[in-house]
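Below are the chains, spelled out letter by letter.
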Amino acid sequence: MVPGEQPDEASLVEAAKGGDEAAFEALMRAHASAVYAHGLRFFGESSTADDVVQEVFIKVYRSLPTYDGRARFSTWLFRVTRNVCLDMLRKGTRRPVPVDPIDLVASRDQGDHAQFVVDTIAIEEAMRALQPEDREALGAVTIFGLSYQEAAESLSIPVGTVKSRVFRARRTLVSLLDTEGGDR
Amino acid sequence: MDARCLQVQEAISRAADGDKVTADEATLAKRHCAECAECAAFARVLVAMRRHPVPDVAEQTVERALSAVRDIRQTEKLETARAAAAARATALTPAAGEESANDAGSDAAVTNKKGLISLNERDSRGVEVVRIGNRIISQQRFVGLVASAAVLLLVIVVAADQGVRVMRDAAMVSEETASDIREAQDGDVVLDQLPAQDNGAAASAPSVAGAVAQYVTFEDRVYRYMGVASGSAADLSTAGTVRSALDTGDAAANRNAYTSETAGQIIIENEGSLLNFSLVTRTFGDNTYALKSESITAFGEWPSLPNGIPEPSSADGGSTFDEAGTDDLGVAIFTRPGRDPESGFAVAPGTASGDPASGNPDWTWWEPVD
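Protein sequences, first through last, are from chains X and Z. Everything in the first sequence is counted per this note's numbering, starting at 1 for the first residue and increasing by one. Everything in the second sequence is counted per this note's numbering, starting at 1001 for the first residue and increasing by one.
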């Protein structure tokens, strides 16, 4: 990679596949927050999300030669990240931290509502209150920027199911975060 | 909430994801939200959430992950260079006969002039084997043994440069081989004054500084160096003491070891710096086994069989071990006679690149992780 140049993602991927360390690191830096956010929302712990980032980076480094470019890199990365989280869960080394939605409802009565809505911590807590499959579909679309079709292929579910899960996730979030409109 | 609300909110959700929404749907949603507080709130929270960024990753987290990849990349380079060195050293070393079997270059069974070594044969199960005299071993094992012999040759060369010149005549390392190692080390290992060599001539010893094996032992288990850790020792929980010189060249010293948040890792303090070490493991039957060793007191030392387990007299385990199948990577494992592999097993030297025992010229011993 030429210093100072801003290559597009496809160029970065090709260079990284060819062993360009700078390209690999630029690529992973660009996606690190998405990986971290998925790990955080999956496990509910920042320290575990840190481990997810490291595992994913290593996995991508080792698997990049097998990435054939048919799917967008972000789609492929989402699959890698999802599999890493599921593997960590299966191995029993990490467990998701359960969040009781009741606690969230109680906490939002305190303080200014508008501030609550934009408060990062509150939103993340609400995210963890979602059904895992709904949160996963929402994350694929909103964190990794996948289309419904790409998310459907990555999750091996119909497009319509992706739409309904994303919609259900949003309705749950709105009901937890909004006091003026929701259907409570 | 009625069916119209559901229809409008669904359209708003799709629009938020960049999915196609028809003009009619957009008009309907706009009108409806002007009248319906619930749907207006739905749209308002979605807009607020779109402004809400995803949780941002800490720079030190990214650096730690990239550092882990760099360490792996470096290890792979070293192993590739070592494999190349092994291959070249093998080519320079006549095997049991007068002529290297490689010289024959045939896809058919290759036998040297004396008929002592025969390659590319298959046993009754169809497994590729190598015949040495009247002895038959698998090709995988043969390659491992040859690689081990080559590594041993390199070690001899290093020792010779440090004053141990007893076996100098046996060591041969080509300029090309040394160049591979030099490139792989990216300057970490200095190979200087390498002699131009004639095949078959006794080599004057090259200088090889720096260590390939970067291990410590903690509670009899082997940990591999993974890179510099971030943070402060003051924030860590003490796990005990590790005795090692690391790569300082000094005498081994006691160093504080701390527990890591990452499973299977410890952190060791060295002159104010924190160093990550990862437990060396392999899996068999989906269970994890840790590498055990006698004390390793400096980088450059390889893990060895623990006390009480004698070194086998031959590559097939001799009277020390019985072959007991393969682990999850397909590497042959050996047990003490009459014992189950679940209680512990050995692995012969010469495992392939990427194996947790790769590069080790000695047998290794693995016991289940609690």
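In short, the hints are calculated from the structure, not lab data. The C-beta atom is built at its ideal place from N, Cα and C for all residues, glycine as well. Possibly wrong hints are sitting among the right ones.
[To be verified] Using C-beta positions, here's what the derived DEER-type ranges look like:
1) 132/X <-> 1354/Z: 43 to 53 Å
2) 70/X <-> 1241/Z: 47 to 57 Å
3) 63/X <-> 1249/Z: 16 to 26 Å
[What the hints assert, rightly or not] Calculated lysine-lysine pairs in the DSS-like style (CA-CA distance at most 30 Å, straight line):
4) 59/X <-> 1020/Z
5) 1030/Z <-> 17/X
6) 163/X <-> 1077/Z
7) 1020/Z <-> 1030/Z
[What the hints assert, rightly or not] Just a few of them, taken from the derived set where beta-carbon distance is under 8 Å, the chain Z residues facing chain X:
8) 1014
9) 1031
10) 1299
Structure-inconsistent hints, enumerated in ascending order: Hints 1, 3, 4, 5, 6, 9, 10 are the ones this structure does not satisfy, whereas the remaining hints hold.
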